[in-house]
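Participant: Chain by chain, the residues:
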Amino acid sequence: MLAFIIRRLAQSVLVMLFVALIAFVIFRYVGDPITSMVGVETRLEDQEIMRDRLGLNDPVVIQFARFIGNALQGEFGISYRLQQPVTELILSRLPATLELAVASALIALVFGVVLGVFTALRPKSFVTAGIMAASLVGVSLPTFLIGIGLIYVFSVELGWLPSFGRGEVVDLGWWRTGLLTESGLKSIILPAITLSLFQLTLIMRLVRAEMLEVLRTEYIRFARARGLTQRAINFGHALKNTMVPVITITGLQLGSVIAFAIVTETVFQWPGVGSLFITSVQVVDVPVMAAYLMFIALVFVLINLIVDILYYVVDPRLRVDGGASGN
Amino acid sequence: MSMTETPPRPPATPQAPPRPESRLRRFLDSDIFYSWKRSPVTILATVTALTLILIAILAPWIAPYDPFNPASLNLMDGFTPPVSQGPFSENWFLMGADNQGRDVLSTIMYGSRVSLFVGFMATMFAMVLGVGLGLTAGYNGGMIDAVIMRIADIQLSFPAILIALLIFGVARGMIPASHQESMAIWVLILAIGLSNWAQFARTVRGATMVEREKDYVSAARIMGVHPILILLRHILPNVLGPVLVIGTIGLALAIIEEATLSFLGVGVPPTQPSLGTLIRIGQQYLFSGEWWILFFPAVTLILLALSVNLLGDWLRDALNPKLR
Amino acid sequence: MTEPLLSVRGLTVEFPTRHGILTAVEDITLDIMPGEVLGMVGESGAGKSMTGNAIIGLIEPPGRIARGEILLKGQRIDNLPPDEMRAIRGRRIGMIFQDPLTSLNPLYRISDQLVETIRTHLPMSQEAARKRAIQLLDDVGIPDAARRIDDYPHQFSGGMRQRVVIALALCAEPDLVIADEPTTALDVSVQAQIIDVMKQLCADRGAAILLVTHDMGVIAETANRVAVMYAGRIAEIGPVREVIKDARHPYTAGLMGAIPRLGENLDRLQQIPGAMPRLSSIPQGCAFNPRCPKVFDRCRSHRPSLSQAEVGRQVACWLYDGVTEA
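Protein chains in written order, with my numbering: chain A, -14 to 312; chain B, 16 to 339; chain C, 22 to 347.
I should point out that these hints are in silico values taken from the structure, not numbers from a laboratory. Hints should not be assumed to be uniformly reliable.
[To be verified] For each label pair, taking beta carbons as the anchor points, the in silico distance ranges come out as:
#1 C:G41 to A:E198: 24 to 32 Å
#2 A:R302 to C:A149: 37 to 45 Å
#3 B:M224 to A:V(-2): 24 to 32 Å
In this text, a Cβ means the ideal position worked out from N, Cα and C, and glycines have one as well.
Whenever a hint applies, use it, and build me the whole structure from the sequences.
Facilitator: Here it is in C-alpha cells:
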C-alpha cells in the first residue's frame, strides 16, 4: 500500500513538474514581462536594471527553479490587467467555481448511474432507445447552446430562474457561499445542469457499457445458477462490480468539470475561476494564464491521486497483490 | 485582409480516383454500403452533412446577399423579422436580419464556410500530427514511444477546449498585434489541431505495435526496406479504418470546439464570423425578443455537428461490429 | 422401479439467427435416477452444455426451448414463471461451472457469497448460515475453513476455488447437481481430487449428478451411465461399462478407439476422420453419416431416432433398427 502511494506520488510530482515547465515558458517568454509591467515608454537602461533586479538575466535553469520555488509558496506574480496578486484573484473566485463543479458533478453522477443502470437492465425497452438517442444528441450539442437554451426556456419564457450571476452570497470569512440563500440556490440550478449534461451522458454510457459487460460474466451466471434473486444480482453483484471503473472515470471527470466550467461560467456570467481565465486569454494576461494552468493541473493530479487510492480500497485484488502488478 | 479576397476553400473530400466500374460495383456490394443502406438515420445524416457542406462551399455564389459588402446592406434594416422585406431597402430576409441589417441566411452560409474550413483544417492537422507521432512511437518503441505517449496521456486527461484556449492565448502573446487579425484563423486551426492529436496517436500506436510483429513486416525489414517505406506501405493502410473513424468524430468535435472558442470571443476575428460568432451576437438579443438572430445559426450548428457525429458513430460500428 | 429424479422428453433448443434458426440441441430424451451420476460426453459444440443450461433454465436469449419438456420429480419445470424457476435453481438443482477463476465474484468475500446463497433458499439467521458455510467449506476440504471464510476469491488457488464453487452449488442441498466441465480449467494434478470431493459430497447427500465433459476418462471413473452426444443429439446412452466395452454407435466406437488404453496394441488407437459439422450445416439423414465407416444409403436420407438396443441401452443408428422387434 505504502509503496503504491509513493509510486503514484512520484508520478504526480513528475506531471506537475512538466506542467510547471510549460507554465514557466508561458510566463517567461510570452510577451515581455518588463514591458507588460512598466509599459514601453520606460527607458531601455531602466528596463535593463529592472530585468537584472527581477532575475530575468539569470540562467534559465535558475529562473525555472525560482519559478517553482515561488509556485510552492503560492506566488504567481501580479495580474497585468487587474494589478492584483494572481493567487489572491484565483482564491477569491474559487468558491464559486467549486460550488458549481461539485453541484453539477453530483447531478451527473446520480442521474448518470441511474440512467445507465436502467438502460443496461432494460436493453430492449423503448425508453432505453429514447435515452440512448437523446444522449447521442446530447454529446453533439455544444455546452454553450444548452446553456442558452435553458436560459431561454426557464428565464426568458417562464421567468422561473435567474439567467446570470450567483445571487446573494454569504461570507463565511474563508469562503463566500451562494448555497445559503434562496437566490443563490436558484442561481446555481441552470448553470449546474448545463455543466452536468456532458458528464452525465458520459457516465451513463460508461455505466451502461460496464454493466452489460458485467452481466455477461461467469460469476453473474453462477449467481443466477445459485438462484439468487434478480434484485440481489442486479443491484448487489452486478452494480458493485460496475462501480469500480465508474468511480475512476467519474472522479477524473471532476477535474474536467472544473475546466469545462470556463464555458458555462461565461454563458451564465458566473464569477468563477473559469471566467477569470477567459478574460485573461482575451487580453493575454500571462501571469493569470500560467497560474490557472498550474491550478488546474494541481486539481487533476490531486483527484487522480485520490481516485487511485479509492480504487485501491474498493478492489480487494489490488490490496493483496500489491501495487506493483496492480493494473 | 478581408474574406472576399481570399475565400478559404474547404479541402475536397478525398475520393477514390475514377476507375473502371468494378470498383464502384465492389463498393456497392460491400458490407459497409449494405449497413449504410440499412440505417435510415445514417442516410439522413449523410444527406444533411453533404447538403450543409455543399452550401458552405458554394456560399459566395448562392447566398442571397454578400453580408460583408457594406454597399449591399442597410443598417436601418436591422432586426427585420424572418420572411419579410427590410423597411428601408428592397432586400428580402428569409431568416430575418441581424443587428447590423445583414441577412441572417447569408451570414449562416458564410459562417458555415468558416466553421467547416477551420474544422477540416484542424482535423487534418491533428490527423497528420497524430498519425505521424503514433507511427513513430509504435514502430520505434523504447524511449521515443515513452515520451510521446506520456505527453499524449497528460494531454488526454485535460479537456481539449482548455488546451486550445492555452495555445490560443500563448500564440496571441507571441504574434505582433498588427498580424493578429489576419493570423487568427490559422492560430485557431493550430490550437484546435494541437488539442486533438493525442487520440489519433494513441490508436495508431496500438495498431502499429500489433502490425510490427507480423511476419510480412519482419520480412520487409530483413530485406532492408527503409522504415519509412514500411510504415507508409505496410502499416499505414492497416490503421486507416480507425483513423477515419476518429477523424470523422474529431471533425464534429473540432466544429464544436471552434464554435465554443468563437462564442467565448477568442476565436475567429469579427470580420470573418463563424457559426459560433453568430451565436455570440445573437445571444445578446435573446431577452429583447429578436430570437432569429440566435436561433437559425444555432440550429445550423447543431445539425452540422450532429450529422457528422452520427456518421462517425455509424462508421465506427460498420468498421468494427464488435464495438458497441 | 423408482421414479426418475429428472426426466427430459424430446428437448429441443433453438437459436434464431440472421441466417435462419440453428438447432443447438434436438430431441433429447433421458432420465436421471436419484443419486445417480449420468455422464454426458461429446465434442465441444455437441450440445452437452446447452442441455445442462436448458435443464437449469439458463439459456441465454435469443436461444429458447422450442419443443419438449423437463420434469423434476414429475413436476414440469421448463415452463415455470421466472421467479419459481429461480427458487428451484440452487435449492433443488445446483450447478458447477467450468472455470473457478471466473465463476466467483472477485469483489465479495467467500463468506458473503455463501451466506447470501444459503439465506436465499433456507430460513436461517446470519449466524446459523455462517456456521453452515464454515461446515461446508470444511466438507469440501478447505483447511482452516473458519479463518479462510472471510478471504476473497483471489486469495485461493484454482483447485481451492473450485472447492468453494462446489460448496456454493451444494449449500442448499439440491437433489441434482449439473457439473459443466468441472475440471477442464484446472491443473491436471488436482482434477482427480475435485472429482472425488464432488462425488463424495453428492453421495453423502443423495444428490444426483449430471456430469458434462469431453473427457471420457473422467466419465469412465465417475459415472454410472453415459450419454454420448453428437451434433445436438444423443447418439447412444447406456451403462458406462457396457458402452465402453461394447460401443454400438460407430461414433462411440470411434470415440473409444481414440482413448489409449494400457496393455493394448497401439495399432488400434485410431481417430475418426473429419470433424463434427457446424450447427448451420448438419447433413441430411444421420448427422454422422459423412464420417461413418459403416454408412449405407438409408443413413444419408433418413435420420435415425433413439431406440432400445437392449435393456438399459439405447442407440440412434440404422445398424440396429429392428433389433428390438427381433
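Participant: What are the numbers of the hints the structure violates, in ascending order?
Facilitator: 2
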